[in-house]
Structures are given as structure tokens and as C-alpha cells.
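Participant: Below are the chains, spelled out letter by letter.
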Amino acid sequence: MTRNVTMAAATAGHAEGGTTLNAFDNALLAAGIGNINLMKVSSIVPPEVSIIELPKLKPGALVPTAYASITSERPGETITAAVGYALPDDPGKNGVIMEFHGSGTRVAAEEKIQQMLEEAFRVRGEVIHEMRVFAVDHTVERIGCALAAITLLAEEDLA
Amino acid sequence: MTRNVTMAAATAGHAEGGTTLNAFDNALLAAGIGNINLMKVSSIVPPEVSIIELPKLKPGALVPTAYASITSERPGETITAAVGYALPDDPGKNGVIMEFHGSGTRVAAEEKIQQMLEEAFRVRGEVIHEMRVFAVDHTVERIGCALAAITLLAEEDLA
Amino acid sequence: MTRNVTMAAATAGHAEGGTTLNAFDNALLAAGIGNINLMKVSSIVPPEVSIIELPKLKPGALVPTAYASITSERPGETITAAVGYALPDDPGKNGVIMEFHGSGTRVAAEEKIQQMLEEAFRVRGEVIHEMRVFAVDHTVERIGCALAAITLLAEEDLA
Numbered sequence: 004m005t006r007n008v009t010m011a012a013a014t015a016g017h018a019e020g021g022t023t024l025n026a027f028d029n030a031l032l033a034a035g036i037g038n039i040n041l042m043k044v045s046s047i048v049p050p051e052v053s054i055i056e057l058p059k060l061k062p063g064a065l066v067p068t069a070y071a072s073i074t075s076e077r078p079g080e081t082i083t084a085a086v087g088y089a090l091p092d093d094p095g096k097n098g099v100i101m102e103f104h105g106s107g108t109r110v111a112a113e114e115k116i117q118q119m120l121e122e123a124f125r126v127r128g129e130v131i132h133e134m135r136v137f138a139v140d141h142t143v144e145r146i147g148c149a150l151a152a153i154t155l156l157a158e159e160d161l162a
Numbered sequence: 004m005t006r007n008v009t010m011a012a013a014t015a016g017h018a019e020g021g022t023t024l025n026a027f028d029n030a031l032l033a034a035g036i037g038n039i040n041l042m043k044v045s046s047i048v049p050p051e052v053s054i055i056e057l058p059k060l061k062p063g064a065l066v067p068t069a070y071a072s073i074t075s076e077r078p079g080e081t082i083t084a085a086v087g088y089a090l091p092d093d094p095g096k097n098g099v100i101m102e103f104h105g106s107g108t109r110v111a112a113e114e115k116i117q118q119m120l121e122e123a124f125r126v127r128g129e130v131i132h133e134m135r136v137f138a139v140d141h142t143v144e145r146i147g148c149a150l151a152a153i154t155l156l157a158e159e160d161l162a
Numbered sequence: 004m005t006r007n008v009t010m011a012a013a014t015a016g017h018a019e020g021g022t023t024l025n026a027f028d029n030a031l032l033a034a035g036i037g038n039i040n041l042m043k044v045s046s047i048v049p050p051e052v053s054i055i056e057l058p059k060l061k062p063g064a065l066v067p068t069a070y071a072s073i074t075s076e077r078p079g080e081t082i083t084a085a086v087g088y089a090l091p092d093d094p095g096k097n098g099v100i101m102e103f104h105g106s107g108t109r110v111a112a113e114e115k116i117q118q119m120l121e122e123a124f125r126v127r128g129e130v131i132h133e134m135r136v137f138a139v140d141h142t143v144e145r146i147g148c149a150l151a152a153i154t155l156l157a158e159e160d161l162a
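Residue numbers (my numbering), protein chains in the order written: chain A, 4 to 162; chain B, 4 to 162; chain C, 4 to 162.
Isolated chain A, as found in the complex (with noise of 0.2 Å):
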């Protein structure tokens, strides 16, 4: 891409809707994301690149992003959705995103995330850095949407 991808800011939200999808994108707003086009990616950050909170973004933008999300329609079910992200030592070399979704809370998602950083900076021969987990769960009432992403901004994405 042209694009120039200098900032990654992760968030997480979960929300209830009328449909899963509605869900699904009440979730996105909730979450700060649910006016951007998400163009989902697997799932590197790009060396060099400054991890900050998520700003404010231009209605529209089309983001590369790594998320994972779950919608359930069974009331009392609790779901999650996580992402993580590993750095390495050398800011050189890109860093990798981790997702994962399913029943049960964000206690085991968390773990789950960690583990799998660490096996893709081992068999990477890297060590990690920095590493961050950001999970979120929902008891579902009607039909909820547990989401987590990892946004790949660039200068022109900021609103």
C-alpha cells in the first residue's frame, strides 16, 4: 500500500442489538470504531510503529484492522472477544497481533492471547518487548456482540 501506517491503537466493546449484525455494530461504537470501514488484516504491526490510544477518526476511513468479535442469541451466555499484541526487542522488526473469541470470560481469553504471542515470537526466534492484552466479555440478554481490534492508522485516518 501507498498507505503509511505509523500508529496502532487497540480497543474492545461489546454491546446488545436488535440483530446480530446490529449487534454487531453497536458493539463497534461502543467500541470507537463503529463509523470507520474495517478492512480486516492477519495480523502484523509494522516496525517503527507507535502504539497510542485510540484517537479520533475521520467517519469513513478505511482502516486495516485485526479484530475478533462473537455475536450470541442465547440469553445468560457469556462471551469474549481478545487481541493482544507482542513487540520485539528491536524496533526494526514488526510485531505480531493475536485475536481469539468464545464462551466464557476474559480471564481465559486473556491467558490464551499471552500464550500464543509468546509460541509466534519463539518459533520467530524474537523476544518480546512489550506485550498488551485488551479482552472484553458480555452476558448476553437477547443477542450481544463481544468485539476486540487493533486498528493500523495512518496520518490520514485521523478525523
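It is possible that part of the hints are untrue.
The list treats identical chains as interchangeable, and a pair is accepted whether it falls inside one copy or across any two copies.
In the PhoX-like style, the derived pairs of lysine-lysine whose C-alpha atoms are separated by at most 25 Å in a straight line are [what the hints assert, rightly or not]: (1) LYS96 with LYS59; (2) LYS43 with LYS59; (3) LYS43 with LYS61; (4) LYS96 with LYS61; (5) LYS43 with LYS96.
These aren't lab readings, by the way, just hints derived from the structure by calculation.
Keep in mind it's a predicted model, so treat the numbers as computed, not measured.
Chains B and C: place on chain A using the hints.
Facilitator: The following block gives chains B and C in isolation, referenced to the frame of chain A:
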């Protein structure tokens, strides 16, 4: 993206094929978007975008597209895909796209899209200025596909 | 896109992993595309594109990629992923990419890809000038992944 989305165009198509992937390819061709690269997005119409008739597109263009599709190998089954968009009163704000696919005819799908768009605007506190739904259904002979799409276009995508 | 796709490169890989997502990550690494961001596309080779050997790619690059992948947690199962492209006589026209994943060995997958490409050209009224299929299979030990991909590359993706 440095991509500058200035137009959006909706389309729909349905077809049979020798395999499910060929049925999908044939439905894309029937819809006039069989020779471009769809990049799936969720699902916002950027502000100030012109809604146009699907133009002739440059072969191989990488086009962010919100779409719904369904394939079926059950002869006699009727399958439907639908997309719709709603735009707000304020042209400086973004619109929303919703997608649906499933069994059944297009009438129920169109109604569902409309309800989803109404919820999406209600939760955003916006009023719908314009809403359009595009749906297609297909009764399977052997292997069929129905698909509906809204492409987010830039000048450089035009043939 | 202002992205200018001038090259396409195919690759395939397979691996075990501690989780299905790590198996996928490890298969990407085995295929030489584990440190880039794949953006899934369907599935056209733009006109005038050079087919090249997979080059060294810039870590974190956002690369539109047509791919097939499958993971399995059933020890002993053989899984296959395959992609293929066909190019037309007229280099000013686009080629087509087809993907397949499933159980079984690569021989059946390769044949299926070939048949899908032949149908895709028949319906377009084009003659195949060149066709190549890339397939890989993997017999699962604990948690395995097979993946095959065609990357659509621009100059700025090269390391």
C-alpha cells in the same frame, strides 16, 4: 487510505456454477463486478460520497466493498442476498450499510435490511434522509449463488 | 486503490502449532509471508502483471492476497490448500484466481482448481494462455494448517 472514496454504487446478481466458487464468480460477473478484486469492508458510506449507477470498472481494481452472498447446492432452495444503505440529513456525516443473506425470498430480506438500517440510525441519533435496499433471490438448479454489494469507488477504479 | 499492483507471486506452506491460530501463523511463516499483513481479496490478477517468485517483503506490508487455508485438530487427517491462476491470451485483460481447501491430498485439489479456472475462462469467453496451480497438503500431528496464497504486489512492498 490515501484512497479517496468519492462514489458508491450498488449492484446484485445471481447465477449457477459448476462449483460453489464458480457460482460465486458467475454471480459477480452477472452483477458487473466479476473482473475486479473485492476487499470486504464493514460497512460505512463515507461522508460526501455520490451514489451512482455501477460504472465500468478497471479490470483487477482493488475495490473496498460491503457485500452479502450465499451459495447453495440444494436444488429447489431459494436463496437471497441483500444490501442497503441509509444516508443522514447532514451530508457531512457518514451513512451506514447493512447486509443480509439467507434462505427465502427477497421480500423478507428487504424488510430486514430496512429494520437494521433504522436501528443503526436510531442508536447514532441520526435521521435517515435517504434509504435504498438492493436484493436478489435465486432458486437453485444445481449449485447457485446470490450476491448483493455496495462498492466504494475512487476515480482511479473507473475504466 | 492508488496502490499499483505490478507483480503477483504464489506460495504455499504447512505447519503444526500450539493453537489453530499459531498453526496458521506458522504456515504463513513457512510460506514466506508470515511477517506481512494479508488483506483477503477475491480473486483477479490485474492485467499486465508480472508473475514472479515470491520476493523478500517489507515487514508489516499490507498485501492484497487471494488465499485458501485450513486448520485441523484431528491427528492423522490430511488437509489441503490450493490456489491457481489462469492468464488470458490478451495481456491487456485480467486473469482469474481460484482457491480450494479441504480434506484429502493435493492431487484432487489441483484438479479441482484447474476445472474451476477452465469454467471461469469459458464463461468470460477467454482462452487460457497460461495456468499454474500451487497446492500443499499436511498430515496433522496435533494441530495443523495448510495454506496456499497468491500475493498481489506493488514496488513498495519489496524489502
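Participant: If any of the earlier hints don't hold here, list their numbers in rising order.
Facilitator: Going through the list in order, the structure violates no hint and respects every one.
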